[in-house]
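**Student:** What follows is the residue order along each chain.
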Amino acid sequence: MTMRSEAVSSEPVGAPPRFDFIRLEDFPLAPVLILVGFALVAVFANMLAPHDPEVGKLAARFRPPSWQAGGTTGYLLGTDHLGRDVLSRLIFGARVSIVVGFTAVIVAGAIGTALGILSGYLGGWVDQVIMRITDTWLALPALTFAIFLAAIVGPSEMNIVIILGAVYWTRYARVIRGEVLSLKERDFVRLAIVAGLSKWKIMARHILPNVINTAIVLGTLMLGVVIVTEAALSFLGVGVPPPKPAWGLMLADGKRGLMVGYWWLTVLPGTCIMLMVLSANLLGDWLRVKLDPQLRQL
Amino acid sequence: MSPRALLELDNLSTHYVSARGSRVVRAVEEVSLRVEAGETLGIVGESGSGKTTLALTILRLLPLAARVTSGRLLFEGEDLLTKSDAEMRRVRGKRIAMILQDPMASLNPLFTIGDQVAEPIRVHEGTARSAAWSRAGELLKAVRIPSPQTRLYQHPHEMSGGMRQRIVGAIGISCGPKLLIADEPTTSLDLTIQAQYLNLLRELQRAHGLALIFITHNLGIVAKMCDQLAVMYAGRVVESGPVKEVFRAPVHPYTRALLSSIPRMTDRCQRLAAIDGQPPDLAALPAGCAFAPRCPSAFDRCREAPPMFRPGDGRMARCWLAAAGAGAGKGGAI
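Keeping their order, the protein sequence lines are chains S and A.
According to the working numbering, the first sequence is numbered sequentially starting from 267.
According to the working numbering, the second sequence is numbered sequentially starting from 158.
You can take every hint at face value.
Label pairs and their in silico Cβ distance ranges:
no., chain 1, residue 1, chain 2, residue 2, range
1, S, Lys465, A, Glu295, 21 to 31 Å
2, A, Arg286, S, Arg398, 37 to 47 Å
3, S, Asp551, A, Pro420, 54 to 64 Å
4, A, Gly318, S, Pro475, 17 to 27 Å
5, S, Ile478, A, Leu238, 37 to 47 Å
6, A, Gly333, S, Pro407, 58 to 68 Å
To be clear, the hints were calculated from the coordinates, so they are not data collected in a lab.
Positions of the beta carbon are idealized from the N, C-alpha and C atoms, including for glycine.
Just chain A, with the same shape it has in the complex (with noise of 0.2 Å):
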């Protein structure tokens, strides 16, 4: 590995606590993970399992009741969790943006786009406003708006969806950040509009060298724009490495499971094949393996928690399972 990634974390976790502090919810354990530099991370997992937090964490926008309660979070070597909340707003935005889950909602209906792309750009760098704006057309004209000279003239309900979620990323890459965290972007899209813009963020992505994050349940979507995945479940990461080891080989019982959940073309009139029970209370956590209870091959050793193993080059997973498996190397951190 190389000797500094753009992102690192390092056993991070992050914790809700209730008002009396006699309920505390887990939502992000022990999380250690590395993004290079141009690379795409697809971060999945069902609904609750910490992908939001996570990446929440990373931007330090945590709401009031949430403590980052360990680990280190470095990103271009220098440790986020250390910086003042001054210094943090000068890398949000600037050094790491952020699409979130709806761009739909996320532009301003009463002003211009022109304002609210140049927006970042006059923050961050103190340009003029007529200079940030033919920035702003650029930007537009790179994330493919025709006639984007009229169109920063024009207000959010004049565009349609996909549209505006192009503009979204035009505002996410208009102060060329290093890292684009982008949370389930597509959700609101309908099939052709996201497939168009995956390809503009994998195009974007190659034409500024931007580290991408990528937080989506769509393994689809991660097969085609990832180079490491991450599994999370329970607020750990079960399992990570190359996308295509991964898909190859999945090591991770839970891993197995989402990958045979994926609908297929060539099967016929067959039963999805679903993951029986629940996701645990992440206030409640069982002792061991969080998806021991769910597991179809757990063990007695299950009962234990499992340490992150190394099952090959690059790759982890948090399972007794790869303990058997090819020559583990014991150690939480990495």
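Here chain S stands alone, though its shape is the one from the complex (with noise of 0.2 Å):
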């Protein structure tokens, strides 16, 4: 360990810092905190949310955001039809939405990078049934694939994780194939080659480390895409089942209360998503230029 922090003192003076670009200007400042934001709402959800999310009284139902007439400051953001606080059940949709958005995106992550790597490192045949199964996986429409496989399998929490993931897992495939081909006629990987280690070592070692940073610049920006189809799966009823809180189905809700004027059932959540998705968009659009390997310099 003392090794360690010599290397780092003799460094050659001059040599760019490690996260130097974290403090560039053009940080997406905006984005990460509403992200940031968000995640913490998600994770102390039981210490913020005032009420219960799936229990209402049926007493209070449509009151409105306590601001407006008849709005309490019980309900800072009022009511729904069966009379559940709107603020704590955004607050626990929060979770949900994190909570699938980021696991459905690492495992189409895992899927994809798996078979990307071993698409592009193999070859032959391998790649050719790998890429032609993306092909057709890429044919089918998205929505409605989920959908279909939805409608199989069942609502759950669990079961919109596996589903997202099946079928986003494609776009990863795609990247990294190409990512790999050409990392794959680099000296290093050659050398290690000549050095006597097995392929599935080299993938391990050398192939696996110097795609992850583009897997992760994929994953940023898949987070808004399966974000936004988790709330359209649950929007449409075969995504997370009532009466858990999250915000799609929050959507689907309130809907029939936009056209006698309780706004606040559809807009609210429908703010949270498009805030949360459009923060990932930027999120990731920054780090594609920030850690685009041909811009990388290592």
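Dock chain to chain to rebuild the complex, using the hints, since each chain is given by itself in its own frame.
**Tutor:** Here you go:
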């Protein structure tokens, strides 16, 4: 450990610090703050939510937000058709969106990255098979395919994650395969072959660490898509099962109230979805530029 | 000759075959060579003369389109051509190591030097990480890296080109191989670093009893580094023998032409001697001697392919001119 600190101190002057890019001017502060905010809300949902998100008082149905006529400070953002507190449901809904979004992105990323590496590195018939499956997958409309899968396995949070992973791995597979094709011609991979490493070791030790960056960038860009899809599935009734508070489900429940002026039941969860997806996309775009393998210099 | 050489290539041919088999590129054709333990063999030739394919054949790392069509490849008495892939993996890096054309790009940018030098040791000897790292430290010292303990924790981008190359050398010798194949290892370095690196290779060779196959097109390096020389032209070894002998009295006109095309400081204002013409298309070799169309001393007989002649002790030449010379012993295989 002393050596490690020595190594750092003896770095040549002017060597760029590892995480220099964090301080760059174009760092997307607002999106990151919004995402971090949602994440904190999701983590501390139990403490923050003023009411039980799943149980309402029928006597207190359709209360408007507190600043409107008829609103009370007990229900800051109003109540829905079952008298459940909208704020509490939004808070717990953040938890659903974030948990489902992140795990689905990780599942899709794991499947796609593994298949992409196998396809790109092994080549030959493995490549052909994986890429033709990917082509077929991409030819299917994602949302319809997800609905179809959801209809088969039935709604639950766990199933949603699996479905989203199964639907969205293809983009990873394509991009990662391309990256691997260029990586495997690099001399350090050849040196590893010459040094007698097996192809599995090379894929795990030399290829995988070099594509992780790309996978993370892709994942950030996918996060928005996945969250929207989860909301859409919930909205259509094949996603998170009620009475669990998911933003998509709140939209579905609230849509009937829109015609009679109960705007808070749809606008608020809609805004949450929009903010979350927008932030994820902005962060992903920024990361893509910053960590683009072509721009990255190691 | 000793009964068993460290590496013996016997009549080895490697061809690249196109997808439909219509085009066959004879990249390596009927090559017979011997490398004794601790000896240095220089392989010279123009680009496309089959040097790199020969090296890849020895390690059995040929691309899919290539086929070894004939011959034997004996390493320490075992035929490498009959080994399974898993067995070959245990040979590569452990018993035969290779330094690639561009050692600058041979290091993985994401890992520390220590991890990369220790990797073959861990793979081949199953050594624990910490033990492999301390071996890596010794190896860095052996290749003259200053403050090796610090360098172990650094990444490739923190090193200079010469240093990275020495690290690649350290990876090469990490498992104590018997044979090191260096494929133009100095082409990407400037001259002073080249000289340092060549000296280092010589030292390592002496210290570890390594045999070295040095692939280059720099005859100056061959003169400095090698004991034996093999000149390749159009996939064939046209002349081979002890470096001093070949330099003193080249037999094959191609070798002569190569030697006379080295610029010398003493020649003032003279045009460089060049070899007229182009090397032949390896997919459509002329009948007879492949060099004949460019050869200043070609005669009728060159339309027939010349066998290997032995113009002197330990020397071989694939040229009819050698037949006229000192008591030519005929016969392809040695």
